[in-house]
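> For the record, the sequence lines run as chains A and B. Residue numbers are given in the working numbering: position 12 of the first sequence equals residue 12, and the series is strictly consecutive. In short: position in the second sequence from 1, add 91, done, that's the working numbering.
Simulated from the structure, these hints should not be mistaken for lab results. Ideal placement from N, C-alpha and C gives every residue a C-beta, glycine not left out. There could be a bad hint or two in this list.
[Unchecked claim] Label-pair distances were calculated between CB atoms; the ranges are:
#	chain 1	residue 1	chain 2	residue 2	range
1	A	K51	B	R185	27 to 37 Å
2	A	E73	B	R208	22 to 32 Å
3	A	V47	B	R208	18 to 28 Å
4	B	E250	A	S83	34 to 44 Å
5	B	D218	A	Q58	37 to 47 Å
6	A	V47	B	R253	26 to 36 Å
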Amino acid sequence: MAKQTRSKRAGTCKQATSLITDYLTGTLDPEITNELEHHLGVCPDCVAFLKTYKKTIQVTQSLLLSGNLPELERSKQKALHKSIGSHNERG
Amino acid sequence: MVEAKSVEARSNRQYFTSYEETGELRSSAGESSRERSLVERLKAGDTDAFDAIFHQNVNQVYRRALRLLGNEADAEDVVQEVFLTVHKKAKTFRGAAEFSTWLYRLTVNAALGKLRRQKRSKEVLYDDYLPKFQKDGHHLVRPVVDWSDKVDDRSDQRELQRLLGQALEQLKPMDKAVVVLSDLEGYLDREIGKTLGLSVAAVKTRLHRSRLFLRGKLAVHLGYSPA
């Protein structure tokens with residue numbers, strides 16, 4: 001019976017894949033975590049999938065961070081501030 | 092108040108950049124008495140306090156909007172919209188400790204409104220890039236190739252970044268917002284849900300599906316099956 005429950009939660013690659021997000025955030029139930037890690041221990045396909053999933057997050061983060069986002073130019077700050085002020089006076 | 096993903100930071104999500112590293116989010120504990128006083132004065136209609144709050148926060152609002160929108164002109168529009176709202180609705184603040192959270196929500200929602208108007212012609216079908224499974228639950232295409240090392244080895248990093256940037260733009264507006272707020276800014280799923288009007292389960296589903304889509308895009312670019 002316990003085996004059936006296990007197979008419903010992390011027994012297949014499809015199930016394992018659906019659990020990755022919670023697994024990576026550490027918010028997966030400990031019992032299900034064990035089941036998932038058991039699956040990963042015997043499934044090289046899911047290990048490869050997990051590695052590429054994690055790499056995707058890393059690359060996404062580095063892309064979003066790499067932009068070295070600029071500050072809003074002083075002249076534009078002044079113009080916006082003035083514009084907001086005039087809106088407020090009218091409003 | 093917005094919290095960082097402390098659980099993740101301590102667990103196997105070490106590859107995430109915490110909010111402290113981005114240097115942009117502040118906790119209520121971090122709000123100085125000067126800031127609290129400014130907010131109280133703002134609520135009382137003090138225009139000097141509004142000016143100070145504008146100058147203190149304008150770049151944070153601008154950068155957050157720029158990150159979500161990828162477009163300077165649109166980000167400037169968001170700055171204007173956000174601070175107009177701050178001025179008009181200052182009296183609705185329940186307390187100084189909520190100000191940064193309120194500002195964050197105003198910014199995200201203003202940017203999301205713009206994203207929704209921008210995106211309609213650009214969206215693509217996610218399904219072509221999601222993993223596929225056999226009836227028994229195994230991966231449809233086996234073996235699944237671990238191409239994670241190939242990403243770092245490639246000489247065309249710019250091309251890779253361009254591709255991923257395009258893929259991010261192809262996400263549905265709400266999905267892109269979830270990815271940026273979670274993976275970059277480190278917000279908790281429940282805080283993202285509150286801001287975007289989604290359940291925690293919906294945030295998780297959108298985040299996972301978006302990452303699968305981005306992963307599929309990378310896989311195809313590198314010459315592998317997304318399945």
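> Given a hint of 37 to 47 Å, does the C-beta separation of B/D218 and A/Q58 actually sit inside it?
violated (24 Å)
> Quick one: are A/V47 and B/R253 within 26 to 36 Å, going by C-beta?
Holds, at about 29 Å.
> For the pair B/E250 and A/S83, does the Cβ-Cβ distance stay inside 34 to 44 Å?
holds (39 Å)
> Using the Cβ atoms, figure out if A/K51 sits within 27 to 37 Å of B/R185.
The hint (27 to 37 Å, Cβ to Cβ) is violated, given that A/K51 and B/R185 are roughly 45 Å apart.
> With respect to the beta-carbon atoms only, verify the hint that A/V47 and B/R208 lie 18 to 28 Å apart.
violated (42 Å)
> Indicate whether the distance between the beta carbons of A/E73 and B/R208 respects the range 22 to 32 Å.
Distance hint for A/E73, B/R208 holds at roughly 25 Å.
Going down the numbered hints, you'll see the structure goes against 1, 3 and 5, while the others check out.
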